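Let chain Y serve as the given structure and place chain R on it in line with the hints.
Spelled out, the chains give:
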Amino acid sequence: MADLLRNEMTLGNFTIFLLLAVVMLLLVLGFVTYAIYFERKVIGWMQLRIGPNRTGPLGLLQSVADVLKLLLKEDTIPAKADRTLFILAPVITFVPSFAVLVAIPYTNWGYFANMNVGVLYYAALSSISTIGVVLGGWASNNKYALLGGMRSAAQMISYEIPLVISMTGIIMVSGTMNIRDIVLNQDGGFWHWNFIPQIIGFVVFIIAAVSELNRTPFDLPEAESELVAGYHVEYSGFRFAFFMLAEYVYVFAIAALTTAMFLGGWHSPLPFLDFVPGIVWFLLKFSSVVFFLFWLRATMPRVRVDQLMGFGWKVLLPLSLVNIFVSALYIELFLR
Amino acid sequence: MAIRTEELLLNVGPQHPSTHGVFRVIVKLDGEVIKEAIPVMGYLHRGTEKLAENLNYTQIIPYTDRLDYVSAMTNNYVLVNTVEKMMQLEIPEKAQFLRLIVMELQRVASHLVWWGTYLLDIGAMSPFLYAFRDREMIINFFNELCGARLTYNYMRVGGVKWDAPEGWIQKIREFVPYMKSKLEEYHTLVSGNEIFLARIKGVGKYDAETAINYGLSGANLRCTGIDYDVRKKDPYCIYDRFEFDVPTHTGGDCYARYLIRMEEISQSLRILEQALEQYPEEGETMGKVPRVLRVPEGELYSSIESPRGEIGCYIISKGKDKPYRLKFKRPSFVNLQILPKLLVGETMTNLITILGGIDIVVGEVDA
Numbered sequence: 001m002a003d004l005l006r007n008e009m010t011l012g013n014f015t016i017f018l019l020l021a022v023v024m025l026l027l028v029l030g031f032v033t034y035a036i037y038f039e040r041k042v043i044g045w046m047q048l049r050i051g052p053n054r055t056g057p058l059g060l061l062q063s064v065a066d067v068l069k070l071l072l073k074e075d076t077i078p079a080k081a082d083r084t085l086f087i088l089a090p091v092i093t094f095v096p097s098f099a100v101l102v103a104i105p106y107t108n109w110g111y112f113a114n115m116n117v118g119v120l121y122y123a124a125l126s127s128i129s130t131i132g133v134v135l136g137g138w139a140s141n142n143k144y145a146l147l148g149g150m151r152s153a154a155q156m157i158s159y160e161i162p163l164v165i166s167m168t169g170i171i172m173v174s175g176t177m178n179i180r181d182i183v184l185n186q187d188g189g190f191w192h193w194n195f196i197p198q199i200i201g202f203v204v205f206i207i208a209a210v211s212e213l214n215r216t217p218f219d220l221p222e223a224e225s226e227l228v229a230g231y232h233v234e235y236s237g238f239r240f241a242f243f244m245l246a247e248y249v250y251v252f253a254i255a256a257l258t259t260a261m262f263l264g265g266w267h268s269p270l271p272f273l274d275f276v277p278g279i280v281w282f283l284l285k286f287s288s289v290v291f292f293l294f295w296l297r298a299t300m301p302r303v304r305v306d307q308l309m310g311f312g313w314k315v316l317l318p319l320s321l322v323n324i325f326v327s328a329l330y331i332e333l334f335l336r
Numbered sequence: 001m002a003i004r005t006e007e008l009l010l011n012v013g014p015q016h017p018s019t020h021g022v023f024r025v026i027v028k029l030d031g032e033v034i035k036e037a038i039p040v041m042g043y044l045h046r047g048t049e050k051l052a053e054n055l056n057y058t059q060i061i062p063y064t065d066r067l068d069y070v071s072a073m074t075n076n077y078v079l080v081n082t083v084e085k086m087m088q089l090e091i092p093e094k095a096q097f098l099r100l101i102v103m104e105l106q107r108v109a110s111h112l113v114w115w116g117t118y119l120l121d122i123g124a125m126s127p128f129l130y131a132f133r134d135r136e137m138i139i140n141f142f143n144e145l146c147g148a149r150l151t152y153n154y155m156r157v158g159g160v161k162w163d164a165p166e167g168w169i170q171k172i173r174e175f176v177p178y179m180k181s182k183l184e185e186y187h188t189l190v191s192g193n194e195i196f197l198a199r200i201k202g203v204g205k206y207d208a209e210t211a212i213n214y215g216l217s218g219a220n221l222r223c224t225g226i227d228y229d230v231r232k233k234d235p236y237c238i239y240d241r242f243e244f245d246v247p248t249h250t251g252g253d254c255y256a257r258y259l260i261r262m263e264e265i266s267q268s269l270r271i272l273e274q275a276l277e278q279y280p281e282e283g284e285t286m287g288k289v290p291r292v293l294r295v296p297e298g299e300l301y302s303s304i305e306s307p308r309g310e311i312g313c314y315i316i317s318k319g320k321d322k323p324y325r326l327k328f329k330r331p332s333f334v335n336l337q338i339l340p341k342l343l344v345g346e347t348m349t350n351l352i353t354i355l356g357g358i359d360i361v362v363g364e365v366d367a
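Protein chains in written order, with the working numbering: chain Y, 1 to 336; chain R, 1 to 367.
Excised from the complex, chain Y in its bound form (with noise of 0.2 Å):
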């Protein structure tokens, strides 16, 4: 793979890096289909139901009938939408989405790019989904989604920085904004991963992270109760289907990000336990922060827009700067 990357660009290579993207692609629909199903089947054993069980054996196909059912809605845009950028909103925001995937390590030799800047990219990438969606919100001349577009811009200033800030600490101490570097930092039993000597910023990053992925207790912008259902209100069809498969990839990148960068990517917790391929144990712990996520939907209340703002500025960019403070003294003491 990395030979690949340095290698001419031929008809050839320039196929394989192709089929390599659609394998990609389909591994991440499948992802979302089922993650979908997970979450749903989740939340219904929490709230006292089944969830989905009649498409298909135990309802395994019910994210599949519904992508179907979207396929085959009636693409309605508002007469007096902006056409051009209603348009344009669902595909600035789910290309992103998929493009930061190219930036994460899922085992020792599986992963696409092995970028120097890795961190930033995830970073600078992820950020312009958010255009995607104030444009949805703005585009569809409709004033809840314009309200909803309006909070995702001012959410999503206020998360991106505490987000970028708290992974700083760990680049401080691995010295490195590579993500597979970080990995392999973070080699040799579960006190060597970073989440244990990073705890603030781990705290912060998952903080920033629900946040970052508009989920419950920070989904103001789709605030169903209040905003009905907030920037995508106008979308209907595979524009919406779009806006939600952005939304699931993101949780699928956030959660592979947080276990490459806090979670030992595919390190097993004891050093005897090496003999698991490194694959298995990304995929338990990658696995366990998507039900985390999950899991807060079906307990938390909505945060209001001010205690959102409040708790974004005063109390997670302080935190995670501390944690900057911290990781510095710990550098200057004990890495020397």
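Incorrect hints may appear among the rest.
[Said to hold, decoys possible] Derived PhoX-like pairs: lysine-lysine, alpha-carbon spacing no greater than 25 Å straight-line:
(1) R/K161 x R/K85
(2) Y/K41 x R/K50
(3) Y/K143 x R/K35
Everything labelled a hint here was simulated from the structure, so no lab data went into it.
Quick caveat, the model's predicted, so the values are computed rather than measured.
Relative to chain Y, chain R alone:
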């Protein structure tokens, strides 16, 4: 030069997930801050009071079911109670007990619906399903009793239509301790949640004077520290025989209303416990009532405590079998009037919190 800004005129409702039915508020927003709120009601108006003028008293009872459809039993009672008072009828002991039991069960069911939907408004989805599980049990009891789940048409002038089926009272006896333990569970699940408290503490605050000036009743009044409950102040049915407290709070905010409603559930369970102990197994369910109900000439207002506040019925009779004029004092409608005052200066999010905290049922607002 300053940027030109405009007020945003937003229609919240009549089709909106959190206006609890077809209720509409026109809000003028500056950013997310409400400058002015104008409630629009009447989408569910069915003219119950006018219709009642052409119906005899027994025929009016099913119409009262459809006023406050979350608490139909108390609506039944307020009508039959007024008619009975005007006709000076004796109600058999057993009927009194059955009425009291269903009314208190109804209060528990109604507050459970409020609790679930209020948390849904605030963004927590699970409590809604928990609340409806327990409410479903109560509704099944009513279904066994009178064959309907929401619109019971259970009470009659002079008593109740059906006697309790065999084993029914025993089922309620088992339900009360179950509900008590569940209530505790709900307190541990929700009442201490930081986000929930941050959302409702200090929101929608008013003082006792404002509450009285607006004529509020129920939890909306008691949250300002005024101890007023018709069950205590002017006991009807057989409420004077049982021990219970009227919860009050001095906060005057949504949190105070939340605590009061939760405490009312446990007080209702307390009344139920005592009533089930003293319940007479033998006896009539209908008193001696003339075949055609002719209410003697005169007028009378009498009120009871519904889960939403003081519900009253005012009847003017000209001695016929139909009322000359019938008027319901509907607590949801009265309580709602304070909404525009509370909303000014609040955010869009608090609109939902405050509206939910008032606890309206649109069927009763519009009558």
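These are the hints, each one checked on the structure:
{"no.": "1", "hint": "R/K161 x R/K85", "result": "holds, 19 Å"}
{"no.": "2", "hint": "Y/K41 x R/K50", "result": "violated, 50 Å"}
{"no.": "3", "hint": "Y/K143 x R/K35", "result": "holds, 16 Å"}
Hint 2 from the earlier list is the only one contradicted by this structure; the remaining hints agree with it.
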